[in-house]
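> Here's the letter readout for the chains.
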Amino acid sequence: MEAVGLDVLTWMVDFLSGLFVDPFFAVARRPDKLVQILIQGVSAGVMYSLIALGFVLIFKASGVFNFAQGIMVVFAGLSVVVLIEAGVPAILAIAGAVVVMIVMAFAIERLVLRPLVNQDGIILFMATIGLAFFLEGFGQIIFGADPKPVPVDALMIPDGKIKVLGGLLGKPVRIYELDLTAAGFGALMVAAIIVFLNRTKIGRALRAVADDNQAALSVGIPLRTIWVLVWSLAGIVAIFAGVMWGAQSQAGFSLAVLALKALPVLILGGFTSVPGAIIGGTIIGVGEKLGEFYWRGVMGDGVEQWLGYVIALIVLLVRPQGLFGEKIIERI
Amino acid sequence: MIYREAGQFKTSYAADQAIFPILQDRIAVAIMMVVALVVIPMFGSDYFLEIIMINVLFFSLAAIGLNLLTGYTGQISLGTGGFMAVGAVSSYKMAILFPDLNIILIFLLSGLFAAAVGILFGLPSLRIKGFYLAVATLAAQFFLDWLFLRVDWFTNASTAIEGVPRSLFGVTITGPAATPVAKYYVALGFVLVFALIAKNLVRSQVGRAWMAIRDMDIAAEIIGIRPLRTKLLAFAISSFYCGIAGSLMLFLFYDSAEPDLFDINLSFKVLFMIIIGGLGSILGSFLGAAFIVTIPVILTNAPDLLGLPISSELAKHLEFMIFGALIIFFLIVEPHGLARLWQIAKEKLRQWPFPY
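Chains Z and S are the protein sequences, given in the same order. Position one of the first sequence corresponds to residue 0 (numbering that gives the first Met the number 0), numbered consecutively onward. Position one of the second sequence corresponds to residue 0 (numbering that gives the first Met the number 0), numbered consecutively onward.
If you're looking for bench data, these hints aren't it; they were derived computationally from the structure. Wrong hints could be hidden among the right ones.
Claimed, not checked - No more than 25 Å apart at the CA atoms, straight line, and that leaves these computed lysine to any residue pairs for SDA-like:
#: 1; chain 1: S; residue 1: K268; chain 2: Z; residue 2: D145
#: 2; chain 1: S; residue 1: K268; chain 2: S; residue 2: P302
#: 3; chain 1: Z; residue 1: K59; chain 2: S; residue 2: R126
None of the values given here were measured: they were computed from a predicted structure.
Produce the entire structure from the sequences given, and follow the hints as far as they go.
Below, the structure is given as structure tokens:
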């Protein structure tokens, strides 16, 4: 009995030191690894943010928690890939995908949102889960179930890598040009969205709809147009996210599950905040890559599958509205 | 004419509070019991018993569990699959560790384990609700998935967990050797008992407290319902049901399963059952489970019957599309699900054939 108790104790000590002490030794041994992982984490975070951005846009303007955003990303990415494979020039392929997403926005507004107007948020949320299933089946029928590689050359996305900081850290750190492109374009897009929301007439109308449907209607803002607009916008964000995600691995329907990672990002950043989506994405990305690498010894592979959610959960317990969200949750 | 309650007088409180106060309902239920207990096992083919009935039964149990939490208490959960996994894995572990323990007891204990895990992941519900809670329960789903896949202890270092063969009263009821009829009776027994408990639970003080929390939590707190205890109780009982459903799923249907069977898609499947069946309705849980289980069976068999050969892959994709479309259709046409349709039908029947 005593021996068993001792075993458990040693195991506990090993486990805890593996969690909280060993990582620091590992960092001291190979500082370049830490920098490398931080960079990986940031680039993963940018990718999550790109998906989260679409969520935020739709949530801000229509109060709909769009579960189908992940599958929209896949859909958009595959449209681009399939068009290029068919021999269409890259620019036209992207334009074609934009058309596809706008048509989809019209269809969703007409067939899903309009009949459900004035329903509870939760009913709309479940409707978008249904939408996600529909699009997954539909997409697999028209695009095929197999993942497709994104033709990076045709889209003129650089895919080399740069080595930096070799002198400082002992070994050079790799930065992928793809990630840099994604981050650069992402920043550009966020800036454009923020300007659009705050400086243009349509952007103001959009925020008005988000604040109060009824009041917006009564001052003459066309609700349906706004909805189509914002879903199209989210679709266009999805094209970019889809191409970038696809360029990293492959464009396929398995990305849709990965896109669920955008949910903890949203919780962390707050549902209604565009900068929150970016910062939340970065925190989740960095956190899970660090966990995956430094806790592999004690916890095994795959820590990154859930660590993001747990980080979000802990943040929720302390700050239910997220880091940048509006404080709308009542305390109970 | 047939379905009319005029003239049925109640002379005691017990009669007034019966679950089925109308004679016609009691007759219908009695007929259904006879069908379920005698006719189906006698005349149903093995395929019908295993692929349809047993599936419907354990999914009904899971759907009742989720309905108690989401439909009655208003807390959305996307972690059903994870809680079912807890039930399946813990019953497998117990069956291996304690070979002499009665299998029924093992199922019940596995429910208790699931309940404990449910309470743990229900804690965030004290501070958050709605979408936020849905995402928080996703954490449970992904964490439990990972835990059972990566930590060897749970699966005894093999890739699959198994429904260990056990017998009750000298009849083998679990494992590959058990007959479909025996398995069917076990599943039916569990579902009948727990459906009855659930039905009574939601009519009792506990259920009323849940519904008060669902309808308006602040008001509920003011009239003296403790949110902490009520919500955690809902999580515990819901996960208990889901845990038992998970054990039954493993022991009575799959016999051998990889832990990732209990993934996020399973959670969605059960959620769809209660949406289509009807949120906040025990009957709806059964209807939803039956609906979602039979749709794929029909979709795989219908093209052959119609003479249109389609590949199994296409059938699977079509199934996704039809599922999605049906969900949206139901939400638009009848947000309260099949159970509500049944209620409307009953009200119409009451006046038939002379509606005023």
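> Does R126 (chain S) sit within 25 Å of K59 (chain Z), going by the straight-line distance between their CA atoms?
holds (23 Å)
> Hint check: K268 (chain S) vs P302 (chain S), CA-CA at most 25 Å. Holds or violated?
Judged against 25 Å, a Cα distance of about 23 Å means the pair holds.
> Can the restraint linking K268 (chain S) and D145 (chain Z) be considered satisfied, given a maximum Cα separation of 25 Å?
holds (24 Å)
Consistency note: the structure conflicts with none of the earlier hints.
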